[in-house]
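Visitor: Taken in sequence, the protein lines are chains A and B. Mapping to my numbering: the first sequence position 104 is 104, numbers consecutive. Mapping to my numbering: the second sequence position 169 is 169, numbers consecutive.
It should be emphasised that the hints constitute simulated quantities derived from the structure, not laboratory data. For glycine and all other residues, C-beta sits at the position ideal for the given N, C-alpha and C. Take the hints with a grain of salt, since some may be wrong.
Said to hold, decoys possible - Just so you have them, the derived chain A footprint on chain B, three or more residues with Cβ under 8 Å:
{"id": "1", "region": "23 to 30"}
{"id": "2", "region": "56 to 70"}
{"id": "3", "region": "89 to 101"}
As the list claims (entries may be wrong) - Per label pair, the in silico range of CB-to-CB distance:
{"id": "4", "chain 1": "B", "residue 1": "Arg156", "chain 2": "A", "residue 2": "Glu247", "range": "54 to 64 Å"}
{"id": "5", "chain 1": "B", "residue 1": "Ala117", "chain 2": "A", "residue 2": "Leu19", "range": "18 to 28 Å"}
{"id": "6", "chain 1": "B", "residue 1": "His133", "chain 2": "A", "residue 2": "Phe26", "range": "17 to 27 Å"}
To be verified - Sample of chain A residues facing chain B (criterion: CB under 10 Å; computed from the structure):
{"id": "7", "residue": "Leu13"}
{"id": "8", "residue": "Thr90"}
{"id": "9", "residue": "Gly91"}
{"id": "10", "residue": "Asn92"}
{"id": "11", "residue": "Val94"}
{"id": "12", "residue": "Leu96"}
{"id": "13", "residue": "Val98"}
{"id": "14", "residue": "Pro100"}
{"id": "15", "residue": "Ser203"}
{"id": "16", "residue": "Pro207"}
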Amino acid sequence: MSGAFTLEGARTLFYKEVLRFWKVSFQTVAAPVLTAVMYLLIFGHTLEAHVKVYGTIGYTAFLIPGLVMMSVLQNAFANSSSSLIQSKITGNLVFLLVTPLSHWAWFAAYVGAAVIRGLVVGLGVLVVTVWFSPPGLAEPFWIIAFAVLGAGIMGTLGLVAGLWAEKFDQIAAFQNFIIMPMTFLSGVFYSIHSLPPLWQGVSHANPFFYMIDGFRRGFFGVSDVSPWTSLAIVGVCFIALASLALELLRRGYKIRS
Amino acid sequence: MQSTPPAISFQNVSKTYRGGQVRALDGVSFDIQPGEFFGLLGPNGAGKTSLISILAGLARASGGSVKVLGHDVIDDYAAARKALGIVPQELVFDPFFSVRETLRIQSGYFGVHNNDAWIDELLTNLGLADKAHANMRQLSGGMKRRVLVAQALVHRPPVIVLDEPTAGVDVELRQTLWQFVARLNREGHTVLLTTHYLEEAEALCHRIAMLKLGKIVALDSTSELLKGTASTMLRFKTDAALPASLAGQSRVTGRIVQITAHDATEVETILATLRSAGVPIEDLEIGRADLEDVFIEIMQGATA
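Start from the sequences, fold in the hints, and give me the full structure.
Guide: Right, dumping it as structure tokens:
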């Protein structure tokens, strides 16, 4: 199939993907915001008086950026993966398969919409939680860079999972056995400096750790590793996953027989 | 002077599944000329849907090539797909959107924006005008089928492919659909139709190809196909079982029996056989064979 780089039709697919989640925003935006607020209330209330991070930062303030980023990542993944698997299973993917959209257009639209959903939910979590303990705004560039790149990675991973999966069960397994553990073990709820050396080493092998650490840097101006290192690792992950997704789309993996 | 390419060209198309164990298409070659109303017939499993899927880009041929108005469906897929409007066989829809949203989105995929005038015309012609703002989930099966047709036509494709569009739909929709598609054909659109309703194919198609086990077993104009095979049909009612010598060449629907004959002598032989077997018959009619008879004869005779 032609590898021509053309984005014709991508705008419509992007619009359709955004409209799709927006039409059920109670489920796709409000529900994850509420979940994040629950985490903050429970963990913040329990640990605020006992834990200080980086010496001076209160636990609730520390937790907020982690919860925001966790919401961004999980919702970006959910958007592209659920849309694709639903279209495959209900059969309406045929309307897209018969169009002239290139694999670049598919990628840009699905990942673009996933980034928007991730950012909308993340912003919702931030707006609701920031009143509990404002975390500051030390280096905003990192906030934007890691939010967009992290959502891009997860939107791409959702696209790959959606192409690979043949039933909802497999997407749920991907979410519960890969995405969820890697997010929870990435430092959303703690600084990895509080871990034993062995587990600090293991955390460094988790790309989610760099996304959350870099994102948090934007709020506090301090991080477990240099934000440039995190940016490089996250950037390489995105390029690798994007290359995989584009190749699967170009070949019509599991969508064209 | 450069000649106009065929609307659709299949050249030696083959398709195998399961590592070559199943051969769905075996060297299929034919062209459909611009402006034709072309029928593709065959029993279930003959390879019709495989051929349409390859044409639409839903599947890839194992060998051969397919072109739409001269554009290869692999190497030049964007131009090929822009020229095609496909009405899929399955009744599928996106439950998130209204009818108008569905059509606007489908139009946008083809780079056609601000297309509401044509969308309104489609809605009117397909009897969907009062459903424009209804969610797809709220529509009946027949209405959903109309939307499928509108989706296929929304980018004004010169080549229209209808894959069993009237399967399980009521008479009103059939008539609305055929009037509209016949109008589009008169206006110059090429139409490729697959159907199990042979009377539709006989009434609408200029030429017909018949597929069996992945091979073309007949390809001719509809009139030539009707001329070239059994030309007489006996039709009668009976409650009795037919003699074994006639059972193989008969089509039985409840009490109604239809038997094809090549000439008057064969008609006499059939009647004599029925008489000697003591089969009581009512309402005997002797008429011209229709496409269904031709189809059965070709399918029984083909050794593909």
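Visitor: Of the hints stated earlier, which fail here?
Guide: 1, 4, 15 and 16
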